[in-house]
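Student: Using the sequences plus the hints, can you model the full thing?
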Amino acid sequence: MKYNEIDLKHWRQCQINVDSLWLIANRDKSGKHKNIYHGNFIPQVARELFTRYTKRNEIVLDAFLGSGTSLYEAQNLGRKCIGMDINPKILEYVKSQMDGESCSSTYYFGFCDNTDSSSVDCFMQEGLESLGSKSVQFIILHPPYMDIIRFSKNANDLSHLDNLTDFI
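Residue numbering for the sequence shown follows full-length UniProt numbering, beginning at 1 and increasing consecutively.
Be a bit skeptical, because a hint or two may be false.
[Said to hold, decoys possible] With a straight-line Cα cutoff of 20 Å, these simulated EDC-like cross-link-like pairs (lysine to aspartate or glutamate) come out:
hint: 1; residue 1: Lys134; residue 2: Asp121
hint: 2; residue 1: Lys153; residue 2: Asp116
hint: 3; residue 1: Lys153; residue 2: Glu92
hint: 4; residue 1: Lys34; residue 2: Glu48
hint: 5; residue 1: Lys95; residue 2: Glu126
Just so you know, these hints were derived from the structure itself, not from any lab.
Tutor: Structure representation (structure tokens):
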């Protein structure tokens, strides 16, 4: 079973990083990547992972959407994306970035408290139905680093937890 679109006969031309250590000199700030949200991850990481482990039109799930890095990379690579976040302010930012996009059938994102399994179940059902699928093919998680940075005032936001056992 092939899980990506890399031509193994011509893999060197695929522009993937085959090193065991990815040294990324500069963060990609092109397109929608603005680096406005503390704690977002480098777009090149999502790009490498999606290229290696997904195909066009497959669905990526990001349970900590934040400022939308994975959504933008999924869009750039022709993947679909379901994204959830507990911070309504950052979701408004992502919505403003996506306004006017003609590909709204390729993504579904919104508010979801991922500490509440029934909320996640409902959100995922809506997202999958919206994208015409029964499952996602890849999950990417970039949770907060416990209580180092508070991302919202919501008590259920994982960035409020200062106890490792509760966090995990």
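Student: Give a verdict on every hint.
Tutor: To see whether the hints hold, each was checked on the structure:
Proposed proximity of Lys134 and Asp121 is supported: the alpha carbons are some 12 Å apart, at most 20 Å. For the given pair, Lys153 sits about 17 Å from Asp116 by alpha-carbon distance, which is consistent with the 20 Å threshold. A threshold of 20 Å between alpha carbons decides the hint, and for Lys153 with Glu92 the separation of about 16 Å falls inside it, so the pair holds. As the CA atoms of Lys34 and Glu48 are separated by approximately 19 Å, the hinted pair is consistent with the 20 Å bound.
Annotation: proposed proximity of Lys95 to Glu126 holds, straight-line Cα distance about 17 Å (limit 20 Å).
Against the hints set out earlier in the document, no violation occurs for any number.
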